[in-house]
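Model the full assembly from the supplied sequences, consistent with the hints where possible.
Chain by chain, the residues:
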Amino acid sequence: MDLFVNAIVAGILLGAFYAAVSVGLAITFGQLDIVNIAHPAFVIVGSYIAWILNSRLGWDPVLVGILAAPAFFLVGALIYRIYYAAFERTGQESLSGLAFFFGVMFIIEVVLILVYGVDYRLVSASYLGKNIDLGFVGLPLRLVVPFVVASAMTAAVWLFLSRTFTGRAILAVAQDRLALQLMGADPVRIKQFAFGLAIATTSVAGSLLIMIGPVEPSLGRVYIGRAFAIVVLGGMGSIPGMVIAALLIGVVESFVSSFAGPSWAPAVAFGALLITLAVRPSGLFGRA
Amino acid sequence: MSAPILKVSGVSKRFGGFTALDGIELELGASERLGLIGPNGSGKTTLINCISGALTNDAGSIVFEGQDITRLPPHRRAALGVARSFQIPKPFRSMTVLENLRVPLEYAARGRTERRRIDADALEVLELIGLKNRAHDSSAGLTQVDMRKLELARALAAKPKLLVSDEAMAGLSSSEVDEILEILLALNGRGVAVIMIEHIMRAVMGFAQRLVVLDAGRKIADGTPQDIIRNPDVERAYLGE
Amino acid sequence: MFRNRGDVVFWIVLGAVLLAGFGVTQTIANEYYYTAIYAILQATIMAVAWNILGGFTGYVNFGSAAFFAIGAYTAVALDKWLGLPMPFLIAASAAVCGLMGLGVGYLTLRLKGVYFAIATLAMAIVLETLINNWDYVGAAKGVYILTPEKVPFFSSYIQLLFMVMLALTLGSIAISRYLNASRIGRGLAAIRDDEVAAECAGVPTLRLKLISTTLMGAMMGVAGAPYPFFVTFVDPISAFNLFVAVNSIAMPMIGGTAHWIGPVIGALLVGGAQEVITVTVSSELNVLIVGIMLVLFITLAPQGIVGLVQKWMKRRKR
Amino acid sequence: YAAKPLKIGFSMALTGGLAGAGKAALIAMEIWRADVNKKGGLLGRPVEFVYYDDATQPAKVPPIYTKLLNVDKVDLVVSSYGTNEIAPAMPIVMRKKLVFPSLFGLAVNDEFKYNRYFQIMPAGPEPKTDWSKGFFELALEQNPKPKTVAIVSADAEFALNAAAGARKNAKAAGFIVVYDKTFPPSTTDFSPIVRAIEAEKPDLVYVASYPPHSVGMVKAAREVGLKAKMFGGGMVGLQFAAIQKNLGPQLNNIVNYDFWVPEPTLNFPGVKEFLAKYQEAAKGKGVDPLGHYLPPYAYAYLQVLEEAVNATKSLDQGKLAAYMHKTTFKTVVGNVKFGSNGEWATSRVLMVQFRDVKPNDMAQFAGPGKRIVLYPKAWKSGDIVYPFNQ
Amino acid sequence: MASRLIVENVEAGYGAVRVLHGVSVHVEQGESVVLLGSNGNGKSTLIKCIMGIVQPTSGRIWLEVDGERIDLAGRSPQAIVDLGIAVVPEGRRLFPTLSVEENLMLGAYRQGARAKLAGNLDFMFEVFPVLAERRNQLAGSMSGGEQQMVAVARALMSEPRILLVDEPSVGLAPIMVNRMIAKIKELKERRSLTVLMAEQNFNQAIKIADRGYIIVHGEIAFEGASAEDLRANDMIKRYYLGV
Ligand SMILES: Nc1ncnc2c1ncn2[C@@H]1O[C@H](COP(=O)(O)OP(=O)(O)OP(=O)(O)O)[C@@H](O)[C@H]1O
Ligand SMILES: Nc1ncnc2c1ncn2[C@@H]1O[C@H](COP(=O)(O)OP(=O)(O)OP(=O)(O)O)[C@@H](O)[C@H]1O
Ligand SMILES: [Mg+2]
Ligand SMILES: [Mg+2]
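Chains as they are written, first to last, in the working numbering: chain A, 42 to 329; chain B, 21 to 261; chain C, 322 to 639; chain D, 42 to 431; chain E, 55 to 297.
Check before you lean on any hint, since a few could be wrong.
Stated by the list, open to error - Now the in silico label distances, taken between C-beta atoms and shown as ranges:
{"no.": "1", "chain 1": "E", "residue 1": "N63", "chain 2": "A", "residue 2": "T207", "range": "57 to 63 Å"}
{"no.": "2", "chain 1": "A", "residue 1": "R262", "chain 2": "C", "residue 2": "G327", "range": "40 to 46 Å"}
{"no.": "3", "chain 1": "B", "residue 1": "G37", "chain 2": "E", "residue 2": "R245", "range": "32 to 38 Å"}
{"no.": "4", "chain 1": "C", "residue 1": "L430", "chain 2": "E", "residue 2": "A172", "range": "43 to 49 Å"}
{"no.": "5", "chain 1": "E", "residue 1": "R245", "chain 2": "A", "residue 2": "R122", "range": "36 to 42 Å"}
{"no.": "6", "chain 1": "B", "residue 1": "V83", "chain 2": "E", "residue 2": "G84", "range": "54 to 60 Å"}
Claimed, not checked - Each computed BS3-like pair below joins lysine-lysine, with the alpha-carbon atoms no more than 27 Å apart:
{"no.": "7", "chain 1": "D", "residue 1": "K45", "chain 2": "D", "residue 2": "K138"}
{"no.": "8", "chain 1": "B", "residue 1": "K152", "chain 2": "C", "residue 2": "K635"}
{"no.": "9", "chain 1": "D", "residue 1": "K313", "chain 2": "D", "residue 2": "K378"}
{"no.": "10", "chain 1": "D", "residue 1": "K186", "chain 2": "D", "residue 2": "K418"}
{"no.": "11", "chain 1": "D", "residue 1": "K242", "chain 2": "A", "residue 2": "K171"}
{"no.": "12", "chain 1": "D", "residue 1": "K268", "chain 2": "A", "residue 2": "K171"}
{"no.": "13", "chain 1": "E", "residue 1": "K239", "chain 2": "E", "residue 2": "K261"}
{"no.": "14", "chain 1": "D", "residue 1": "K80", "chain 2": "D", "residue 2": "K354"}
{"no.": "15", "chain 1": "C", "residue 1": "K632", "chain 2": "B", "residue 2": "K110"}
{"no.": "16", "chain 1": "C", "residue 1": "K401", "chain 2": "D", "residue 2": "K138"}
{"no.": "17", "chain 1": "D", "residue 1": "K270", "chain 2": "A", "residue 2": "K171"}
{"no.": "18", "chain 1": "D", "residue 1": "K114", "chain 2": "C", "residue 2": "K471"}
{"no.": "19", "chain 1": "D", "residue 1": "K378", "chain 2": "D", "residue 2": "K138"}
{"no.": "20", "chain 1": "D", "residue 1": "K324", "chain 2": "D", "residue 2": "K79"}
{"no.": "21", "chain 1": "D", "residue 1": "K421", "chain 2": "C", "residue 2": "K471"}
Since the hints were derived computationally from the structure, they do not count as laboratory data.
Just so it is clear, CB atoms sit at the ideal spot from N, CA and C, and this is done for glycine as well.
Quick look at the structure:
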């Protein structure tokens, strides 16, 4: 019973963090149809920035994540510009874009390695070693803080997408750009904004990642599968769907770790994805 | 009417909680010309999706030339001689116009076409449709009108016994409508049964020997064009005052 | 087999390359060249195989590494269990991975576009987990393969591997080329362009997709089968390496996906560059160069090299 | 005119997963090269390195060694770092019957049984079991005697071998194994694992893991409040300064393996000087700044080769191998004597205990007192603090 | 706020194909002007020129607001929409995987329309009750006629001064054509809209037209100052009235 509740709690905490890693991808991949395989690599950049400012100036990682987000936004917007000029304008996006972002991923990884080496990096903050003890449920702040920040960020993105005009335009832009222009919106700027927003979320997600565990430049690869699986499972672009999928993966992994032996966790999580896709081809909450 | 080539009995189709087709009964004689009309959203496209196999009906059966095809995949139906054109053109964009026609000739009409004759047959169809001069152009670059023609040409290239044309004329000029009518009539003259879905009454009236009217997923009338035009139900549901 | 003059030329070139390969093994002893070219040939098979599904049929497979690894592990398992000779191992890997491809093909029944791509990625992770837990083939610890010291006809084992790989590569290129120009190839292209329209034009889409995935799987399995004997040590992390998947996607992309020659050019170019870079610029720059090359090529020639050449020829015609 | 350079060839992981260690090793090797060339080289010839990046991909290793031997025509070869990168070179090296000094391969020669293979890691003749022997022997000495043990390891080559050895040692020493599972390398959160272990209430917890998991396990153990009496064993990563600094006091009382620590008992001739040079060279390279764990051994495996070449005055591989089998070498990691299978004749896997670690301070690990050597007896520098969770 | 639209001597085409040859058209405040002409004569092209989707090679297009002229040439479609011109495009161009309601909300993207979103939404649901029933259905799964309603409603959500409609009757059942035209008429009156409508169906178009143009092969062949004028025209008689 003890173990059972703890497994659920740990899974939820972890799941919320997965949602933070995936929310940007739910925008780029789910809504803009841009297969940004480099998304997790940007998360790692976020971790490194948190590490640099934390280890040099002692800043709080979450604070760094939030402060760096605008810079990430600009980088994202810039990358979209390049992507647009090279592929979208000529109508070559999907496949070539995939290869393009593979390239971007390698470049990010290698530049990180060249500059900072391949060592594992960690951050420190006064609260990181602490625990909230609720009887038999123990809540390490190392996971609670990311949980809270991740939830807040995901909720904010969701509200933005569903409640604002720009947000709705982001939902529409991949379907018919001319039609969106006829609504008075500039599709290129909308996409640029959306891509920037997606990359901005990686700044925060990265700072959370390095709070949870040590980070090295190629760690992002571990998250490619998870993040894409979560977005697809959630039904491509549906933020609530993505959150539920993230929690599901988190809880399943935690359960398998606790009861069946951790070595089977990936098989179970991704097996669940395969089964879901077989039964509901457009994910749990897919439209169309 | 000669022996029916197509027999649709009790066909129903639901999307979620919405009933798009509700127990449709329909018979079509060999080489008959049928007009299928009805208000927007009445289920015409859905019905021919069920006939061509793009959708499977939830209830009822579809029999083609005495064979139950209800559960057959679309390509098997195409091979048996059921061809259709799409309301929104779907050309094979990476191919030229000619190559577009090779696909049905090599697949649907396989066994009914000699391999050596494929290109000749394709050109013949293009000639008939009036697209011969664009045979080697990329199909992605065609104008709307030509895309509709290509849509029809590809259906013809399958050498069908039954051709279903879904709004092949919407948006065409009156002379082009006449052109397409001629093509369809010529084809029918060779013994091909045709189901035509069209909102252009002039075309439907000029073409169909019999009209079937759908409304909200039900068949509300079935008869000669003259009868149908005078049918008060049809007038209320479809034609308006 | 010989439908026109192009076919005759193609088969002559193929035969010539094979003969030349054999001739080289009889004259040049330096083992390095064989090991370097082995890697390029392996990449070529993977690229050609990926392209049959990804380029011709329009279904992007993210899980290439899984087929490759299962091919390798099938060979490991059968080698350990029955000690079968190489040709049987290759055939067995082809069969196993072909079946796996068949299974993946059934996914295409319901999954389109990115859903399919992600499903293949998930499949790769599930299979990696299975191998990680399968003790007979060393599980996550990895497994050693001892190769014979002496082989008939060749002066060293690597020469034998090289010839095997050369033959397999030429075989897969021939299959891919045949497909590209055949009725089946046109059916695949129709599926890529519009699956519903293809089905209504009489194309048995499911059957063709199954053929395509099965062939793809079998060819990737074939590429993986000799791998254990090449490295002599296989563990899941290196067999399921992301680079295998990336290369098999990037190479056709750089070469051009619509034509059979595209992946071959891409593989020779990228694979060749990678080999050269490994032994010349020895540092992180290596990966960086591959990354930059990928980005540059893809942005500047989105249709691949084949597309670039076609465009150029068209312009010259005018 | 100058003598023809003597070329030593190897592949090294300079990118990919093991690049951190690979680069540190390369720095150490380059220090050796400078030292030896200052002394006039080997056999009067200046020493040159020919090396290529294997990117931590085993598949890249065979082409590299064939190139080294066939194109670059190196005079001597040494190994890359780590089991997975060493094994693929073996068939090639064996075919040419070359002496093969190897850097931290775990039980590679169990398969190949090659008599010119010399492994510098002090794991002993039976590396898999020698690795964790100390942990269990220390446990046996405690009073009351602990009874149960949990073994958990990462799903990858080294960790699984170490766990297998631990299992054997635990059974031999009469402990009851109450938890025995592996976790995938991609695991992010370790608290469910630690909780599952805690549910079995083991006296001992033996962990075999790579750096990110080691960090995760230590944090989770502290958060969950693991009550085991001994915790640690085979965790890679706790030897590295950056991780030590980050974990800080959370490390206290953990008993873990190590190969070299700056305790007085291990103050071998030359090691201080070497480390000073290493620490200077490592600055800004993104590698372990203190370099206690691997670099001295990367220096030492070349020292062994150096001594063998100088003593036999030849590059004859047979003579070199014979010499290396019979000699006790004096190196910066102490005296090295190889057994018949090329592993150290006797194990010197240390069990060290973290003691009195302060938060956020890397310098504290540069000197003695923070990592007390408990085992083997010959090198002992202090007594165990038991139980772990006080 | 009086606004009018002036098109002067516009020439335009696609690549080498010239479609419009010096077309001049004007729409006054509160008018309904119909652009008649059978298929392929350039109606849609003219509308695309006004919306900035196709750039004219010569000629001018002005929007006049309270006597002040704004040059539309060279502006992007979104900038033109921002000026208060909305279009029901050829082929409807809905966002298929968004719901009906989301489609309508996007119609109000323009700065000038955002504040009135809620009121306009209610209004549209009142005018098109079917859409209220189907507000959560995905637009792509609606039938052709239903989609046309969404397209009209969506265009009106932007509070336009001028509404351009490209062939509202295409693909609609006769009864729907009647209803659609009646709706446009209703909307025009309730909103005092200025409308330019391209249509092939003369009998329907004439029901709402104040006046109209007949466009043949990219040239204005006839300008009718009133509905009667148009009805009396020879070409119309020949083509549409079967006389
Ligand atoms: N995939 C779907 N999901 C939900 N509803 C659907 C789907 N496809 C069609 N419908 C609904 O079924 C009804 C019938 O649609 P159908 O396309 O058959 O009409 P139609 O008679 O062809 O109309 P039109 O003349 O406008 O083309 C419509 O109300 C439509 O909204
Ligand atoms: N994108 C395009 N590229 C090339 N030619 C085009 C394009 N769009 C239209 N045309 C051509 O321009 C001419 C005028 O087309 P337009 O769409 O303006 O006619 P329309 O009067 O609106 O006819 P319809 O009744 O078909 O809507 C036609 O000959 C058409 O083929
Ligand atoms: Mg329809
Ligand atoms: Mg038009």
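Hint by hint, which ones does the structure fall short of?
The structure conflicts with hints 1 and 21, although it agrees with all the remaining ones.
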